[in-house]
Amino acid sequence: MTNIFQYEFIQNAIYSSILASFACGIIGSLIIVNRMTFLAGGIAHANYGGIGLAFYLGLPLLPVSTIFSLFISSLLALITFKEKERVDAIIGVMWAMGMALGIILIDITPGYNPDIMSFLFGSILAVTHFDLYIMVILDIFIIMFILIYYRAVLLLSFDSEYAFTRGISTRFLYFLILNMIGLSVVIVMRMVGLILVIALLTIPSYLAEKLSTSFINMMLISIILCLFFCFTGIFISYFFDITAGAAIISVASVAFLIFYFIRILRAFQK
Amino acid sequence: MTNKAIDVKNLYFSYNGSSVLEDINLVVDSGSYIAILGPNGGGKTTLLKIILSILRPQKGIVKVLDSNPQEKRHCIGYVPQNLDVKRDFPVTVFEMVLAGFTTGKSLGFIYTKNEKKKALQVLETVGVAHLEEKKMGELSGGERQRVYLARALVSNPEILLLDEPTSNIDPYGAFCFLKFLETLRENKTILVVTHDLSIMATQITSLACLNKKLLYNDQPVLTQEMLTLLYGYHDESTCAIGRYAIEEAAHLKEFREKTFDKHFSI
Chain A
1 MTNIFQYEFI
11 QNAIYSSILA
21 SFACGIIGSL
31 IIVNRMTFLA
41 GGIAHANYGG
51 IGLAFYLGLP
61 LLPVSTIFSL
71 FISSLLALIT
81 FKEKERVDAI
91 IGVMWAMGMA
101 LGIILIDITP
111 GYNPDIMSFL
121 FGSILAVTHF
131 DLYIMVILDI
141 FIIMFILIYY
151 RAVLLLSFDS
161 EYAFTRGIST
171 RFLYFLILNM
181 IGLSVVIVMR
191 MVGLILVIAL
201 LTIPSYLAEK
211 LSTSFINMML
221 ISIILCLFFC
231 FTGIFISYFF
241 DITAGAAIIS
251 VASVAFLIFY
261 FIRILRAFQK
Chain B
1 MTNKAIDVKN
11 LYFSYNGSSV
21 LEDINLVVDS
31 GSYIAILGPN
41 GGGKTTLLKI
51 ILSILRPQKG
61 IVKVLDSNPQ
71 EKRHCIGYVP
81 QNLDVKRDFP
91 VTVFEMVLAG
101 FTTGKSLGFI
111 YTKNEKKKAL
121 QVLETVGVAH
131 LEEKKMGELS
141 GGERQRVYLA
151 RALVSNPEIL
161 LLDEPTSNID
171 PYGAFCFLKF
181 LETLRENKTI
191 LVVTHDLSIM
201 ATQITSLACL
211 NKKLLYNDQP
221 VLTQEMLTLL
231 YGYHDESTCA
241 IGRYAIEEAA
251 HLKEFREKTF
261 DKHFSI
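Chains as they are written, first to last, in my numbering: chain A, 1 to 270; chain B, 1 to 266.
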């Protein structure tokens, strides 16, 4: 057991798990209570365009992805704030458009074509020190956001119309929330990949919601669950030589299924 | 305190070309307790949303305490319709009432001691202090409505606006809630928008009926004109509904005065 921590990639994986857990716990809770899972999925998948852009321009991956993710999130926020009726269709378009753009940009990038699979499903070996620094900065933004706007976010999430009558700028806050989702996607994508990001943003928070009586508790429980899933997944991937991202999501999914099974059993007992 | 709490002049509003409010004129004096009765789709909630500045008037003027409604948001306590509840939302009754202090300028994470003390006091006043630690999703319709009322009252607003406050409550719960509203009349202007005739059995000071157009009576009495506005006059059935409405209101008032008030407690 002690040997495992000697490897730098394992150390980086542990650090990135901690950073990802804060993002997933806080922003995942917002996604669940605001029923924004599909929206978050759209931002995550569209972010493939950011990866393509980084390769095409020959620039570092995470900074370019961050800017692209913020652009996509802002665009979705502007369109979907008023167009609540057709949110699903708009998300679907952005989702596919971002991915198509990413594939085209990678195709036309001269020279070596990167391994697409590692971006779609994550690669724990790929987390560098530079990535960790970027993740720390993005995490600071997310923690600052919730510390400053917790009260307004709580009210907005429970009843947006009432929040508006209290003088809260619901449009601005919605815009910020979507941008924070965009940042979370960038933090988590190196670990579990763009396709699996949504699972880590929703499963811990979904379970935490059922176990909490207050919003702050939901975020804290979600962070702890996320840490547990990540650490367990990393150990399983190391000992069984499987992809870490998929192992993490598998652990989370098994926990989800066990939880659901217990709920069904309890419902029958009543 | 200014004399006019709410002043609406020549207000028009339509959704996608379909007229909802036509030439609405209404003055709500400070300290009054007014009910606006109207059928579903009659424009009640639209009028309320304009007063709350959620919607902007397309034509006409709306003033709240002699100012633009947006500037006086902090003076209004709003109790929304008790319909769409996120049952799984992890928020306690206490935190929901504390949220009534939140405004656009509320930054930070922590509620002050003073806010917590006031929230507890208001929970006791509305009679739901024992539910303090419960999740909002675990409450009954009547309990939830009282919590929303506590949330509206906690910032001590001058005006209280209630949208269909008895829509999801059984008749006894509705009576209790409306009776309780009367106890708040001191220093507050109360405006209740509803289709529930049991409001007629409370001590409202004035009445308005809204069905695209608005008729106002400074006495809490339904006039024939109002009934015509609400139920129409073209066929026998609508006339019968109108007569039933008047009789129902009278019966409710009698029941309340003779029976309910004697046994009522918060």
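Among the hints, erroneous ones may be present.
Computed footprint of chain A on chain B; a stretch qualifies when at least three of its residues, placed anywhere within it, have a C-beta under 8 Å from a C-beta of chain A [stated by the list, open to error]:
id, region
1, 60-69
2, 107-116
Straight-line C-alpha distance at most 35 Å; calculated DSBU-like pairs for lysine-lysine [stated by the list, open to error]:
id, chain 1, residue 1, chain 2, residue 2
3, A, Lys84, B, Lys86
4, B, Lys105, A, Lys210
5, B, Lys134, A, Lys84
6, A, Lys84, B, Lys113
7, B, Lys116, B, Lys63
8, B, Lys59, A, Lys84
9, B, Lys116, B, Lys135
10, A, Lys270, B, Lys135
11, A, Lys210, B, Lys4
12, B, Lys4, B, Lys213
13, A, Lys270, B, Lys213
14, A, Lys82, B, Lys86
15, A, Lys210, B, Lys63
16, B, Lys72, A, Lys84
17, A, Lys82, B, Lys179
18, B, Lys86, A, Lys210
19, B, Lys59, A, Lys270
20, A, Lys210, B, Lys118
These are calculated hints, taken from the structure and not from any lab test.
Heads up, the beta-carbon is just placed ideally off N, CA and C, and yes, glycines get one too.
Out of the numbered hints, which ones does the structure contradict? 1, 6, 11, 13, 15, 17, 19
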